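These protein sequence lines are chains A and B, in that order.
Going by our numbering, the first residue of the first sequence is number 1, and it counts up by one from there.
Going by our numbering, the first residue of the second sequence is number 327, and it counts up by one from there.
For the record, the hints were derived by calculation from the structure and aren't laboratory data.
These figures come from a predicted structure and were not determined experimentally.
Hints may contain errors.
[What the hints assert, rightly or not] In the SDA-like style, the derived pairs of lysine to any residue whose C-alpha atoms are separated by at most 25 Å in a straight line are: (1) A:314 - B:552; (2) A:45 - B:466; (3) A:45 - B:379; (4) A:230 - B:368; (5) A:308 - B:468; (6) A:314 - B:368; (7) A:268 - B:388; (8) A:311 - B:467; (9) A:308 - B:465; (10) A:314 - B:523; (11) A:287 - B:368; (12) A:308 - B:498; (13) A:308 - B:368; (14) A:226 - B:377.
Chain residues, written in single-letter form:
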Amino acid sequence: MTSARLPWLPFTASLLTAFLASAASAQTIYVSNEKDNSLSVIDGKTLAVVDTIKVGKRPRGITLSKDGTQLFICASDDHAVQVLDLASRKVVHNLPSGEDPEQFALSPDGKSLFIANEDSNVVTVVDVPSRKVAFQVDVGVEPEGMDVSPDGRWAVNTSETTSMVHWIDVEKRQVTDNTLVGPRPRHAEFTKDGAQLWVSSEIGGTVSVIDTATRQVAKTIDFHIKGVAKDRIQPVGVKLTDDGRHAFVALGPANHVAVVDAKTFEVKNYLLVGRRVWHLALTPDQKTLYTTNGVSSDVSVIDVDSLKVTKSIKVGRYPWGVVVKG
Amino acid sequence: MSGWWIAFQGIVAREVLRFVHQRERFLGALVRPLVWLFVFAAGFRAALGIAIIPPYETYIPYETYIVPGLIGMIQLFNGMQGSLSMVYDREMGSMRILLTSPLPRGFLLLARLLGGVVVSVLQVAAFLLIVRLYGIDLPAWAPLTVLPALLLNGLMLGALGMVLASTIRQLENFAGVMNFVVFPLFFLSSALYPLYRMEEAGPLLWWLCSLNPFTHGVELIRFALYGQVDGLALAVVTGATLLFAALAVRGYSPARGMGSRAPSAAG
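Build the full structure now, drawing on both the sequences and the hints.
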């Protein structure tokens, strides 16, 4: 009886600390501005830009370290991944990244960074503690989207020109399978349980849902917005809620975020946001979604419960990546 | 005091009854803005959103933008309708009965004016209901917060209608009002397009739109729908209401305006 109850203890405790943490510290949103070589810092409560941090050239993909104290930034034109200390808001050191890093993903243990090198058709894997390149894997032409499965077994990369998802077996350090998807795949995102991989195709105008076990496309989702030409519908960023209810898809120059029922794969709604919506980020409590709108240089705020856009906030020029620190 | 109240009730009730009994008028008052909403706004859809201007906090489709303008349109036509029925009452003689009341003329006119405003609020309420069913997003409290703006804007346009009624001698002349009052007021305003668009088109158009009191009436309604007050619009609409009301009272004074024609009728 006691042994059966024990596993709940750490779970309850972590839930409690998570709750206390979210109640105690307000949320902060970090946005990379591609043209301004800076990060905009937004206060989650007042929804105002409270700081702008100068970083390397052409910052695009950004991600938080697992302990939430550091932010990794792809400084594409500096050919480096910068590490920003969030407390001091200063770049503390660079990580080697290979050429033109665009997107990256952190392994579940937070130790390996998988970086897509757009210009050199490789994925570079960096060991974060030693700040050294662990290995490189050849993939298709123009690699972009990156994610690591929750169990850490697979690292996936999408290559824009080859229109494929490359499955990298992390143990074997090589590509063991490929899945053909719609033209110009931009972004890949595993579901929380790792059973599915959602991949957006910018030119194809679709999102492919891939079954992880078979690595076959299980479902292709199409988008239609009344009054918007089909060729403007260019899916890029994808975000899935942890409860498996919603998938949000940024539709680029269509200026809308699609709300997809993640169980039935039906598109339920299209939400109007700023121009050329690119990437998305959910708050840890899953109540708010932030979008970066590149051309209109702002960030739109979406209330997940009511599925309504509540506000748009001006940031730097061409906002690209976004993360929320809880 | 109760005599005043009875007179007030009587005049307002007569306006509302007149409105309720004329189904075509109610339908007409609704169909006009709805045609604009379903047809004109559909043609101008702007599915990609229009730029953010206060009081909006994010991007909106054109249908959302045009709603306050169409509310203004309902009140504008209602004001003109009030003016038309005033001319009609005068020709039919019922106006004379009203004005023979011992109560002050200004009070009688105000009651008549409020009767018209009540009717316009009923029309707007029906319009807002359809807008909601159509799926246009407005704050939950919008129908309540917009009430003071509706009252003020209705008074302004009703008073303007009275001024016009006092200067129009025959019912037939009324068609000119459409051409020279309603169309310029409506099209040279922020009802259909944001003023920055007009600024791009040319400074003259922008100035005309900015000076148009109807623009400020629409902006007052627009901000009120979102629970906000536009100070400039409030000042302009209040000023214009007082000005038109003063002109209306003057137009109906026995010594001038309509009253000055009394001798020929009496003689």
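Here is how each hint holds up against the structure:
1. A:314 - B:552: The given pair, whose Cα atoms are some 21 Å apart, holds under the 25 Å limit.
2. A:45 - B:466: holds (22 Å)
3. A:45 - B:379: Holds. Residue 45 of chain A to residue 379 of chain B sits at ~22 Å (cutoff 25 Å).
4. A:230 - B:368: Holds. Residue 230 of chain A to residue 368 of chain B sits at ~18 Å (cutoff 25 Å).
5. A:308 - B:468: Roughly 17 Å between the alpha carbons, so the hint for residue 308 of chain A and residue 468 of chain B holds.
6. A:314 - B:368: Distance of about 29 Å is beyond 25 Å: violated.
7. A:268 - B:388: Given that 25 Å is the threshold and the Cα spacing comes to 21 Å, the pair holds.
8. A:311 - B:467: holds (18 Å)
9. A:308 - B:465: Holds, at roughly 11 Å.
10. A:314 - B:523: holds (21 Å)
11. A:287 - B:368: violated (33 Å)
12. A:308 - B:498: Measuring from Cα to Cα gives roughly 51 Å; hence the hint is violated.
13. A:308 - B:368: Given pair residue 308 of chain A, residue 368 of chain B holds - Cα atoms ~21 Å apart, limit 25 Å.
14. A:226 - B:377: holds (19 Å)
Of the numbered hints given earlier, the model fails hints 6, 11, 12; all others are met.
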